[in-house]
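*Asks:* Here is how the chains run, residue by residue.
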Amino acid sequence: MSDFEPKVVAFVCNWCTYAGADLTGTSRLKYASNVKIIRFPCTGRIDFMLLLKAFANGADGIIVSGCHPNDCHYTSGNFHAKRRWIMFKELMDFMGIDMNRVTFSWVSAAEGAKWAEVVNETVTRIREMGPYVSYKELVNKTIEEEVKNE
Amino acid sequence: MARIGVFVCHCGENISATVDCGKVAETIGKLKHVVLSTEYKYMCSDPGQTLIKEAIKEHNLTGVVVSACSPRMHEPTFRKACAEGGLNPYLCEMANLREHCSWVHEKNELTTEKAIDIVRTQVEKVKLNSALQPIKVPVTKTAMVIGGGIAGIQAALDIANTGHKVVMIERSPSIGGHMSQLSETFPTLDCSQCILTPRMVEVAQHPNITLYTYAEVESVEGFIGNFTVKVRKKAKSLDEKLCTGCGLCTTKCPQKKIPNEFEQGMGMRPAIYIPFPQAVPNRPVIDREHCTYYIKGKCKICEIVCPTKAIRFDQPDEIIELQIGAIVAATGFDIKHADFFPEYGYGRYKDIIDGLQFERLASASGPTSGVIKRPSDGQIPKNIVFIACAGSRDPAKGIAYCSKICCMYTAKHAMLYKHKVHEGKAHVFYMDIRSGGKNYDEFVRRAIEEDHVNYIRGRVSTIYERNGKLIVKGVDTLLSSMPVEIEADMVVLATAGVANSGAEELAQKLHISYDSHKFFAEAHPKLKPVETNTAGIFLAGACQNPKDIPDSVSQASGSAVKVAALFSQNELTREPLVAVVNRMGPPLHSTCVGCFLCQAVCPYQAIEREDIKTRDGKVLKSLAKINEGLCQGCGTCVALCRSKSIDLHGYSNNQVYAEVVALLNEY
Chain R
1 MSDFEPKVVA FVCNWCTYAG ADLTGTSRLK YASNVKIIRF PCTGRIDFML LLKAFANGAD
61 GIIVSGCHPN DCHYTSGNFH AKRRWIMFKE LMDFMGIDMN RVTFSWVSAA EGAKWAEVVN
121 ETVTRIREMG PYVSYKELVN KTIEEEVKNE
Chain A
1001 MARIGVFVCH CGENISATVD CGKVAETIGK LKHVVLSTEY KYMCSDPGQT LIKEAIKEHN
1061 LTGVVVSACS PRMHEPTFRK ACAEGGLNPY LCEMANLREH CSWVHEKNEL TTEKAIDIVR
1121 TQVEKVKLNS ALQPIKVPVT KTAMVIGGGI AGIQAALDIA NTGHKVVMIE RSPSIGGHMS
1181 QLSETFPTLD CSQCILTPRM VEVAQHPNIT LYTYAEVESV EGFIGNFTVK VRKKAKSLDE
1241 KLCTGCGLCT TKCPQKKIPN EFEQGMGMRP AIYIPFPQAV PNRPVIDREH CTYYIKGKCK
1301 ICEIVCPTKA IRFDQPDEII ELQIGAIVAA TGFDIKHADF FPEYGYGRYK DIIDGLQFER
1361 LASASGPTSG VIKRPSDGQI PKNIVFIACA GSRDPAKGIA YCSKICCMYT AKHAMLYKHK
1421 VHEGKAHVFY MDIRSGGKNY DEFVRRAIEE DHVNYIRGRV STIYERNGKL IVKGVDTLLS
1481 SMPVEIEADM VVLATAGVAN SGAEELAQKL HISYDSHKFF AEAHPKLKPV ETNTAGIFLA
1541 GACQNPKDIP DSVSQASGSA VKVAALFSQN ELTREPLVAV VNRMGPPLHS TCVGCFLCQA
1601 VCPYQAIERE DIKTRDGKVL KSLAKINEGL CQGCGTCVAL CRSKSIDLHG YSNNQVYAEV
1661 VALLNEY
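First to last, the sequence lines map onto chains R and A. Just so you know, we're using our numbering here: the first sequence kicks off at 1 and counts up by one. Just so you know, we're using our numbering here: the second sequence kicks off at 1001 and counts up by one.
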């Protein structure tokens, strides 16, 4: 398992975490290259079905990060994301997805070092957990069955 | 059929030192729909941009991915280059190979692999981009300034002097605000009224300014450049055109025992009153709450004595509707009043007053004509104690912030006292002296060194009365926390500056955010201190946080420039990255079911209801409709929409799903 390199997708908002990750770069802080960032205008834009889509496509871990409470560029998008996340977490738990595969955090545009920490901590955790295939297999099996039934 | 061009930038060596740019360009060049994949040392340089422009024409590109630095850095640059090359600027995307890859990873295979993944994602995204046109909205070139204090006055005059119309709304009967109450101002000790009243008159006489006093904002609709504001003009019970401001009514009014707000309750006023002699406009209003006629149904003495027959007892409140392009909120602050300091005996002892009351005592036009007399018996206090930070910087009182102005005005008060009562002794209890500002610290030193004000570093625990004296008990922390006891004749509390009453309601009407202390929130604490998060609404003065006069005036001028810049255009251009309701096919067949959950989550009130009607006006279906002028493109509605009927330009569902799929799958 030592050579396992997890695939981690990060869904971040443009105004805080994306800018924070830019700052990590400008400060030349190093972090694991396993993480790849997808930019959204706001965490409020993040449809949590995307998380399932990512798992179905083989993501081993996911980071969702945006502005700290009260700092949202759009006033309240991060609160909506947080609420949605609380609901979604229950659903994921019910579906048997290990919650440790998802990191939900607030990283501001000034927290370049925190972004590196969040990434490294997540990658280390996911590396220990090993690859995540069960959801992907489940989805593929469902599709296969549907194709067969047709 | 998509024809994508990919341009990989070396950024000197910033990217190429860790990422194998040649390999990236080569690998990406093999992808489907990529017709050109090339690398260059500096894409953002003039030759780099020319390369893109020429490639667009030569290869007939339908999309461009510039793989370079952060889009937060150069997205506008490359979108502009694409536009110049004849490609819609919104068909250009950036892959962040520098901040998110080369700068944060070591040089190895994995880093180059990651760079390829990042570019691939953007290639898949840009295939789904659509050509967008900037949104144009018209601008109504009339500004509204809410609040007629020094900040509002400055903003209004500055905007009016650029040639634009200004409407000023002030809820009290006169403009002037707190500054009109002040005696003298720090650090120059010039008379407040002398520098303020000429500006008040200028506001009243300026051909571009319309002044509504005794008026309040009722509601605000619309968006930047196009606000519709309803203003309630409270009934002054007076025909302003007929009134000459002679003031005869105010002298004859039999009801004379109403605490005067302008004098901070230290004087009395009649029910029909002009707030202060230099008021603008210099016309009385009837305080209907206290007027004998409105209470008992008879009196009307003012009506009888009025030489021009201007009194109108039956005058109703009037609601006027105004078309406004930009709004400056300058509603100022208030200070904490009685009952907030039981430990200091405020409210129990008459000779414990707040800073604004002391201003009135020291003012030549005040209730004592500028002689410092204590309220209880009119004696001149021989021993006076000033307590700084009364409430401020005290989390236990719920006010953790520094009120900023108190250190300076306390020094000023102590000085004014010493200048008026030469033999008197002035003591100041303080936590720290915060006198940052031009000539501010020198001013405080002058109070200590030249006027011999006794500064004691320590807090006061309690004040009580003994033999007609106020016993102030505190500590001197610079003398090993020795207990200090002072027998004072009068105590002045520099109480905390707080948000003005009604600030929260106004913020909600304006749809601007405010902090936990109800001060209005700026768009960015450092780089956008004048803007709010709502486009077209700006801040000036102490409504944002306690500020002194120079800061308020500077910010007001800043907000005026923002308004003038807005009004310099006939049409506003906005990024078209806004939400859109799926309206493929006839509206009746839209997937939108009209649940309007989106309306509830939209922070900008940008979602409107559109009724689809039959010819005879029967409503068949209600659909959500996005107001492009209001939408800021956060996408909260998109993620929430149950039927996936709303999408966001630039971050559409198709695009983000394509990104996720591309990122995780082999190519």
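The set of hints was computed from the structure by calculation and includes no laboratory data. Treat the hints loosely; a few may be bogus.
As the list claims (entries may be wrong) - Mimicking DSS-like on lysine-lysine, the simulated pairs with C-alpha atoms at most 25 Å apart in a straight line are: (1) A:Lys1644 <-> R:Lys53; (2) A:Lys1030 <-> R:Lys7; (3) A:Lys1136 <-> A:Lys1618; (4) A:Lys1107 <-> R:Lys136; (5) A:Lys1256 <-> A:Lys1309; (6) A:Lys1336 <-> A:Lys1309; (7) A:Lys1023 <-> R:Lys7; (8) A:Lys1230 <-> R:Lys114; (9) R:Lys7 <-> A:Lys1298; (10) R:Lys7 <-> R:Lys114; (11) A:Lys1234 <-> A:Lys1298.
Predicted model only: the values in this text are computed from it and were never measured.
*Asks:* All the hints need checking, so say for each whether the structure fits it.
*Replies:* How the hints compare with the structure:
This hinted pair checks out: A:Lys1644 and R:Lys53 have alpha carbons roughly 16 Å apart, not beyond 25 Å. Under the criterion of a C-alpha separation no larger than 25 Å, the hint pairing A:Lys1030 with R:Lys7 is consistent with the structure, at around 23 Å. A hinted pair counts as satisfied when its Cα atoms are at most 25 Å apart, and A:Lys1136 with A:Lys1618 does not qualify at roughly 33 Å. Of the pairs offered as hints, the one joining A:Lys1107 and R:Lys136 is violated, with about 32 Å between alpha carbons and a cut-off of 25 Å exceeded.
The straight-line distance between the Cα atoms of A:Lys1256 and A:Lys1309 is roughly 22 Å, inside the 25 Å bound, and the hint therefore holds. Between A:Lys1336 and A:Lys1309 the alpha-carbon distance is near 41 Å, which puts this suggested pair outside the 25 Å criterion. With a CA separation close to 21 Å, the supplied pair A:Lys1023 and R:Lys7 stays within the 25 Å bound. The straight-line distance between the Cα atoms of A:Lys1230 and R:Lys114 is roughly 47 Å, outside the 25 Å bound, and the hint therefore fails.
Taken as a hint, the R:Lys7 and A:Lys1298 pair is broken in the structure, with Cα atoms around 84 Å apart against an allowance of 25 Å. Annotation: proposed proximity of R:Lys7 to R:Lys114 holds, straight-line Cα distance about 20 Å (limit 25 Å). Using a Cα cut-off of 25 Å, the hinted pair A:Lys1234 and A:Lys1298 holds, with the two alpha carbons roughly 22 Å apart.
Violated hints for the displayed structure, listed by number in ascending order: 3, 4, 6, 8, 9.
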